[in-house]
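**Student:** From first to last, the protein sequence lines stand for chains A and B. Per our numbering, the first sequence starts with residue 1, numbered consecutively. Per our numbering, the second sequence starts with residue 115, numbered consecutively.
If you are wondering where the hints come from, they were derived from the structure by calculation, not from laboratory data. Keep in mind that the hints are not guaranteed to be accurate.
[Unchecked claim] The list that follows gives simulated cross-link-like pairs (lysine to any residue, SDA-like), each with its CA atoms no further than 20 Å apart:
#, chain 1, residue 1, chain 2, residue 2
1, A, K3, B, G154
2, A, K70, A, T27
3, B, K171, A, Q2
Residues per chain are reported as follows:
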Amino acid sequence: AQKVTQAQTEISVVEKEDVTLDCVYETRDTTYYLFWYKQPPSGELVFLIRRNSFDEQNEISGRYSWNFQKSTSSFNFTITASQVVDSAVYFCALGPPRWGKLQFGAGTQVVVTP
Amino acid sequence: GAGVSQSPSNKVTEKGKDVELRCDPISGHTALYWYRQSLGQGLEFLIYFQGNSAPDKSGLPSDRFSAERTGGSVSTLTIQRTQQEDSAVYLCASSSTLREQFFGPGTRLTVL
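Taking the hints into account, I'd like the entire structure generated from these sequences.
**Tutor:** Here it is as structure tokens:
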């Protein structure tokens, strides 16, 4: 069975602090995709990044960076120098190698205060 | 429009009534998904369509739920004899060959 665990329910930071969101997954598939989505207070899920299981290269995109470690089944996400607009629920998701359903984690609420 | 659209944005119904929720995917996307989001259950997969293949209905919670996709584009999710536990936000998503799913704004269903 597939499972995604986001152990952090809520993280509160002051603006300009860094925030790291943890994601641990379980799957029997040898090929799979991992995703991060953001859900701001408006409610719409916004796609942030996709990684396939063959690509362990970590990436930085602006203030966002991702750390994928297949050996520990983790796909962590960091926001550097957080801003109030980063306040949202962040979901980690696991998907199959072809089209199919995403298995979402429970989400982590990030609260950034000025 | 460029994104996934859903209608209505809000739906209030009485217990026992049937409801239909509509999803217009991104043009050219061959895969369409339905999820629902509720406080106690998080984001749950319901059903997905991919091209002309038989839909994956493995997430539908009961036979009161059904969905169809006409002409490989628009999809309708129907809930018959609604119950209070059906209250949730119903999310539609579509995807192309790149695998990431793009979500619509959702339909908030409230069953009184």
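**Student:** Compare the structure with each hint and give your call.
**Tutor:** To see whether the hints hold, each was checked on the structure:
1. Our distance criterion of 20 Å between C-alpha atoms is met by K3 (chain A) and G154 (chain B), whose separation comes to about 17 Å.
2. Distance check on the hinted pair: K70 (chain A) and T27 (chain A) sit about 11 Å apart at the alpha-carbon level, within 20 Å; holds.
3. Between the alpha carbons of K171 (chain B) and Q2 (chain A) the distance comes to roughly 17 Å, so the proposed pair stays at or under 20 Å and holds.
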